[in-house]
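Chains C and W, in that order, give the protein sequences.
Numbering-wise (UniProt numbering), the first sequence opens with residue 1 and increments by one.
Numbering-wise (UniProt numbering), the second sequence opens with residue 1 and increments by one.
It is worth saying that the hints were derived from the structure and are not from the lab.
These numbers come from a predicted model, not from an experiment.
Glycine included, every Cβ here is placed at the ideal spot set by N, Cα and C.
A hint or two may mislead.
The calculated label-pair distances, taken between Cβ atoms and stated as ranges, are [what the hints assert, rightly or not]:
(1) C:M91 / W:P273: 30 to 38 Å
(2) C:P31 / W:R205: 31 to 39 Å
(3) C:P31 / W:A236: 43 to 51 Å
(4) W:E286 / C:A64: 53 to 61 Å
(5) W:L416 / C:I304: 49 to 57 Å
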Amino acid sequence: MLKYTLKRLLQAIPTMLVVITIAFFLMRVAPGGPFDGERSLPPQIEANLMAAYHLDEPLWQQYARYLGNLVQGDFGPSFKYKDFTVTELIMQGFPVSLEIGGLAILLALLVGLPLGVIAALRRNTGIDYTVMGLALAGIAVPNFVIAPLLALVFGVLLQWLPAGGWNDGALPNMILPIVALAVPQIAYIARMMRASMIEVLGSHYIRTARAKGLTETEVVWRHAMRPALLPVTSYLGPAIAGIITGSVVIEQIFGIPGIGRYFVQGALNRDYTLVMGTVVFYGALIVLMNLIVDLIYSALDPQIRYDD
Amino acid sequence: MSSKDMSFRDMSPWDMIRRLALTASLALSTTVISTTAASATLQVGNGAEPGTLDPQKVNGNWETRITRSLFDRLLNYAPDGSLEPGLAERWEVSEDGKRYTFHLREALWSDGEPITADDAVFALRRVLDPATANHNANLYYPIVGAREINAGKVDGESLGVTALDDHTLEIRLVEPTAWFVQALAMSEAAPLPEHLLSSGTDWTRPGVMVSSGPFVLTDWRPQDHIDVARNPHYYAVDEVALDGITFHAIEDPASALNRFRAGDLDISYSGVPSARFDWVQQHLPESLQVGPLLGSYFYMINLREGTPLADTRVREALNLALRREVITDQLLGIGQTPSWWYVPRAVSGAPDSRLAFADWPMEQRLARAEQLLDEAGYGPEHPLQLSLAYNTLDDHRKIAVAIAAMWKPLGIELELINREAAVHYATVRQADFELARYGLIATVDDAYDFLNAYASGGSAARSTGFHDEEYDDLVRRSSAELDPQRRRQLVGSAEQRLLDANVLLPIYDYVSVHLVAPHVRGWQSTPLDVHPLRYVSLKTQNDTSQ
Numbered sequence: 001m002l003k004y005t006l007k008r009l010l011q012a013i014p015t016m017l018v019v020i021t022i023a024f025f026l027m028r029v030a031p032g033g034p035f036d037g038e039r040s041l042p043p044q045i046e047a048n049l050m051a052a053y054h055l056d057e058p059l060w061q062q063y064a065r066y067l068g069n070l071v072q073g074d075f076g077p078s079f080k081y082k083d084f085t086v087t088e089l090i091m092q093g094f095p096v097s098l099e100i101g102g103l104a105i106l107l108a109l110l111v112g113l114p115l116g117v118i119a120a121l122r123r124n125t126g127i128d129y130t131v132m133g134l135a136l137a138g139i140a141v142p143n144f145v146i147a148p149l150l151a152l153v154f155g156v157l158l159q160w161l162p163a164g165g166w167n168d169g170a171l172p173n174m175i176l177p178i179v180a181l182a183v184p185q186i187a188y189i190a191r192m193m194r195a196s197m198i199e200v201l202g203s204h205y206i207r208t209a210r211a212k213g214l215t216e217t218e219v220v221w222r223h224a225m226r227p228a229l230l231p232v233t234s235y236l237g238p239a240i241a242g243i244i245t246g247s248v249v250i251e252q253i254f255g256i257p258g259i260g261r262y263f264v265q266g267a268l269n270r271d272y273t274l275v276m277g278t279v280v281f282y283g284a285l286i287v288l289m290n291l292i293v294d295l296i297y298s299a300l301d302p303q304i305r306y307d308d
Numbered sequence: 001m002s003s004k005d006m007s008f009r010d011m012s013p014w015d016m017i018r019r020l021a022l023t024a025s026l027a028l029s030t031t032v033i034s035t036t037a038a039s040a041t042l043q044v045g046n047g048a049e050p051g052t053l054d055p056q057k058v059n060g061n062w063e064t065r066i067t068r069s070l071f072d073r074l075l076n077y078a079p080d081g082s083l084e085p086g087l088a089e090r091w092e093v094s095e096d097g098k099r100y101t102f103h104l105r106e107a108l109w110s111d112g113e114p115i116t117a118d119d120a121v122f123a124l125r126r127v128l129d130p131a132t133a134n135h136n137a138n139l140y141y142p143i144v145g146a147r148e149i150n151a152g153k154v155d156g157e158s159l160g161v162t163a164l165d166d167h168t169l170e171i172r173l174v175e176p177t178a179w180f181v182q183a184l185a186m187s188e189a190a191p192l193p194e195h196l197l198s199s200g201t202d203w204t205r206p207g208v209m210v211s212s213g214p215f216v217l218t219d220w221r222p223q224d225h226i227d228v229a230r231n232p233h234y235y236a237v238d239e240v241a242l243d244g245i246t247f248h249a250i251e252d253p254a255s256a257l258n259r260f261r262a263g264d265l266d267i268s269y270s271g272v273p274s275a276r277f278d279w280v281q282q283h284l285p286e287s288l289q290v291g292p293l294l295g296s297y298f299y300m301i302n303l304r305e306g307t308p309l310a311d312t313r314v315r316e317a318l319n320l321a322l323r324r325e326v327i328t329d330q331l332l333g334i335g336q337t338p339s340w341w342y343v344p345r346a347v348s349g350a351p352d353s354r355l356a357f358a359d360w361p362m363e364q365r366l367a368r369a370e371q372l373l374d375e376a377g378y379g380p381e382h383p384l385q386l387s388l389a390y391n392t393l394d395d396h397r398k399i400a401v402a403i404a405a406m407w408k409p410l411g412i413e414l415e416l417i418n419r420e421a422a423v424h425y426a427t428v429r430q431a432d433f434e435l436a437r438y439g440l441i442a443t444v445d446d447a448y449d450f451l452n453a454y455a456s457g458g459s460a461a462r463s464t465g466f467h468d469e470e471y472d473d474l475v476r477r478s479s480a481e482l483d484p485q486r487r488r489q490l491v492g493s494a495e496q497r498l499l500d501a502n503v504l505l506p507i508y509d510y511v512s513v514h515l516v517a518p519h520v521r522g523w524q525s526t527p528l529d530v531h532p533l534r535y536v537s538l539k540t541q542n543d544t545s546q
């Protein structure tokens, strides 16, 4: 297991290098630069800016400089947020995104899994239709509709919860964003869990288990649950990486200082270093999450072993 | 860093579950979250996250709003946006208008060190240093040696700024410059604490920064908020009513509106979503602050040979057929002024030049436009094909679509090209367009900012290929003319030359739209969109203190 883990981590290095290279050059191919704004700059001042950020050097030299700094763990200074390094921005924003995203995933699992199981067990009944109908709505209604609606109803009209703001992570400030983030995930997880549970319940070994005279509860918990969780688990890897790196929509609407907005803002501002930083960070997280999922797989499914 | 982060790092999965349960139970039990405690801290929805708090590296009003609260300049803005003495108590201008002598008041940095003329010299040298890469450095080019320093040809020592003694500063100009003192009120001209900056970087962090203004920086959480507190060392500390200000980074206007309605914000600088403007007008009339802004919304025209737009008749026809009031009144409806001019009318000493046909009835204008296009060889059989580039924003799209419809009856086929902002401005800079949407917002309350853009070497001149030596001469002379009446004439003549040649398609003068709660006192809408927060107070605070 340890050997396997190490091997996977080593394999990640060339993967990351490819990701970095593609992202670096794609970013530079995009038209428009970090200093193209409403007020176009006098040539002398633009030249000063380009020199200050080494943008006047040949591209290969900038690439080499970037890789050199990266090896030393230095993502460079942000072009847009000049008083901070990219590392500082990510390190300040990530705990917030992780907290919100992690809790949203937990909430999604706590609600989505039971709903999926119940729908599967009560297949083609009113309960099933209700759960699946709601799930469909949860998937269909986008975040940018749910989030302002929650803020309007609970923040402005009822005034039960803050309409936005982070307030250093006070619990009331976290509730609405967590719910808004969790709703589509609950829907996905419930649907996925229902489908895989139905499939597992139809398999031969479940029939055997029932034939042994086990109660339905025992059948579900001891025999069906683990295999039914497999598809959800493989979905969770990339999903978690996506959610804990923040959502630009949720962050903008609730004013949460996470890192989700850096992905979009960085690209729109042509903040080259910030974009690279977030890409490297996200890439590394995906690699890590996929590895964790594969390890959990072996725990869930006895047929999967990574000993060799 | 914060205790919050600490606790999070230690959090096990079980802790997270417990926390989630707690979150859920709190959601059920919480009925009212009250955030409206009577403190004299002003809550400001400040728009975007500042890119920096270095007053010489800031570039947007969401940044300068904060740096101007932290740093006094030689001259400050008064509540109505005019200039008033700041760190300089008074100043004299020599007979020839080329030598300014400023007398600095006795004032202290927030760490108790005296503010001296040397700090002002240091700051002006630094703003022109190419390594500072200041965006507005060209506003200081009137100073002797400035242009050469900014080009890296000579070092800062040769700048025509001298500390005659601790409290006397002399600035020498290459030629008299009517708007020069305006530039000294800008954030980038603020004297800086040389004793701090010379000793290290990261000086803009809370706990490190030393400032001269009514407030000092106490906390900065990126993408969240910035706290400032009253500066006990400020020379006019007794006149500062607020204990502090929290600047919240809220970019989304709809979220800002929600939080303003929920009472979280006293002022919202994030604007109002255009779709919600009517609602706000109806339900929050006492909070809605709409006022003229020194900004011009226009379409730039690429004048280079080889396109139909090089023909004056074509450009005049386009200008004739533009129904500006339809755009301002029916499409936008938030009080913008249709503009028949280029320099916004809210500017101090605004000229009264305008497009020649401004007062014509629509039928006459359309007939004339048709005639001009016909003369230029365009008509139903030979339609005029043009392209219009604009940056992604719903209002820009609506205006573009409406204008295409206005021109269609003349047989003009307008191709609309929508690009994201960075790409749009790059294509404008590279002159790769026929017509391009553009907005110019003033940095100083003066026509110069606008006129200079079309003078040789100016940004608009470079993009459009406009070149007119007589115009350049008028702009130069207007800049150097100190007599207000004569200056207004020169500015007017320069602008009229642009308009007579139909060099651009003016559309409207901008307005500023802010939300200010009725209990906020001492705030007023100004054309430069500056609102010095040292004069602001909260009504509740007065009630409790008196």
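Inset, instruction - List, from low to high, the hint numbers that the structure doesn't satisfy. - result: none
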